[in-house]
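Protein sequence lines correspond, in order, to chains A, B, C and D.
So the first sequence is numbered by this note's numbering: it starts at 376 and just counts up by one.
So the second sequence is numbered by this note's numbering: it starts at 376 and just counts up by one.
So the third sequence is numbered by this note's numbering: it starts at 376 and just counts up by one.
So the fourth sequence is numbered by this note's numbering: it starts at 376 and just counts up by one.
Treat the hints with care, as some may be off.
On the chain B side, residues computed to face chain C include the following (Cβ under 10 Å) [claimed, not checked]: (1) I379; (2) T412; (3) G422; (4) D425; (5) D426; (6) A429; (7) D464; (8) V466; (9) K472.
Calculated directly from the structure, the hints in this document are not laboratory data.
On a predicted model such as this, the values are computed, not experimentally measured, just so you know.
C-beta: ideal position from N, C-alpha, C; glycine also.
There are 4 protein chains.
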Amino acid sequence: MHVIVDLCLVPIGVGTSVSSYVAACHGVLEKAGLTHTLHAYGTNIEGPWDDVMAAIKACHEEVHRLGAPRIHTNIKLGTRTDRKQRMADKVESVRNKGTSKPS
Amino acid sequence: MHVIVDLCLVPIGVGTSVSSYVAACHGVLEKAGLTHTLHAYGTNIEGPWDDVMAAIKACHEEVHRLGAPRIHTNIKLGTRTDRKQRMADKVESVRNKGTSKPS
Amino acid sequence: MHVIVDLCLVPIGVGTSVSSYVAACHGVLEKAGLTHTLHAYGTNIEGPWDDVMAAIKACHEEVHRLGAPRIHTNIKLGTRTDRKQRMADKVESVRNKGTSKPS
Amino acid sequence: MHVIVDLCLVPIGVGTSVSSYVAACHGVLEKAGLTHTLHAYGTNIEGPWDDVMAAIKACHEEVHRLGAPRIHTNIKLGTRTDRKQRMADKVESVRNKGTSKPS
Chain A
376 MHVIVDLCLV PIGVGTSVSS YVAACHGVLE KAGLTHTLHA YGTNIEGPWD DVMAAIKACH
436 EEVHRLGAPR IHTNIKLGTR TDRKQRMADK VESVRNKGTS KPS
Chain B
376 MHVIVDLCLV PIGVGTSVSS YVAACHGVLE KAGLTHTLHA YGTNIEGPWD DVMAAIKACH
436 EEVHRLGAPR IHTNIKLGTR TDRKQRMADK VESVRNKGTS KPS
Chain C
376 MHVIVDLCLV PIGVGTSVSS YVAACHGVLE KAGLTHTLHA YGTNIEGPWD DVMAAIKACH
436 EEVHRLGAPR IHTNIKLGTR TDRKQRMADK VESVRNKGTS KPS
Chain D
376 MHVIVDLCLV PIGVGTSVSS YVAACHGVLE KAGLTHTLHA YGTNIEGPWD DVMAAIKACH
436 EEVHRLGAPR IHTNIKLGTR TDRKQRMADK VESVRNKGTS KPS
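Looking at chain A on its own, in the form it has when it is part of the complex (with noise of 0.2 Å):
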């Protein structure tokens, strides 16, 4: 089962500045051998479920063995049986319906 996630995972009780947390985070995805992409709220994962799994709880022990002791996390989460979907493809799709001049 082939998976796309939008990760958004927030340290608590470490103040206020979270960016390396999030840094190390795409280290453990790097580490993975995972697709992934940062955005400005989130990071964006894809591949297959048991993979993209193990590596979310591998950021929540890196992300707690670095000092957070409290840590909330945001998951969006697409799967579909219908036809293969990659990331890119998701833009594309929106893109070739003409975002710049709608209807």
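Guided by the hints, dock chains B, C and D onto chain A, whose structure is given.
Below, chains B, C and D alone, put in the same frame as chain A:
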């Protein structure tokens, strides 16, 4: 690693009535033996990380099996290392702060 | 436009205990006269779009005023034009599909 | 109050292809003059709270008008009083922490 989750699974491509799919997920959670509570916009679940994640995967598999070609899921997920906290504690903690008589 | 919302507001930069801020939000919702229900991972609210959104803004203002320098909020939000649905209907609808005896 | 938002609007009851509705929302955001960036699992938007929220409401109205009887939307939303931060800053901040060479 104990996790508290808010799960909201939205089947896409099966019309506007989604309650039978949500009910099927509750069967999956029940079978998994996990503590879970239905609310008006999702289901709260708690337990060991791997068990909860395995159950969420089983929900996706079951909802696809029941005919939904596409699923969009939201997960809120909390872990903490500073102390044990159960779902009931979270509600209790807010109530003790006096929701009825806020300053 | 009637809306059903799941609101989860996370104050950042005020330590790991966030329940007093959540309690303050409940005061805001109470004062706004909106139907709302606390659950283990958020608060469900329903009402006219503008009233609910004004209350969410007032929650942000109040939590900043109480000292949180940063807030991360998750909102799930549902609208429908096919029929009226209340929060209680959603729970009832799943229950009637037989969560205890899924196929 | 400046807000950074991740918006993910899911039309329900219109089949599995939702990209034309997402494209219509981009038209709404474009018309509102708000900074917005499409990614693989949503759209990031930033601006004054009231303007962003008015645009999200206009998206719901437009998607219903285009025929979707039901909409499920996820919003992640961040505000802060400690300093000004733009969407581009958030991505930059993580990159500067060295995502390519995590410890």
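Hint-by-hint comparison with the structure:
| no. | hint | verdict |
| --- | --- | --- |
| 1 | I379 | holds (6 Å) |
| 2 | T412 | holds (7 Å) |
| 3 | G422 | violated (13 Å) |
| 4 | D425 | violated (20 Å) |
| 5 | D426 | violated (17 Å) |
| 6 | A429 | violated (17 Å) |
| 7 | D464 | holds (9 Å) |
| 8 | V466 | holds (6 Å) |
| 9 | K472 | holds (3 Å) |
Of the numbered hints given earlier, the model fails hints 3, 4, 5 and 6; all others are met.
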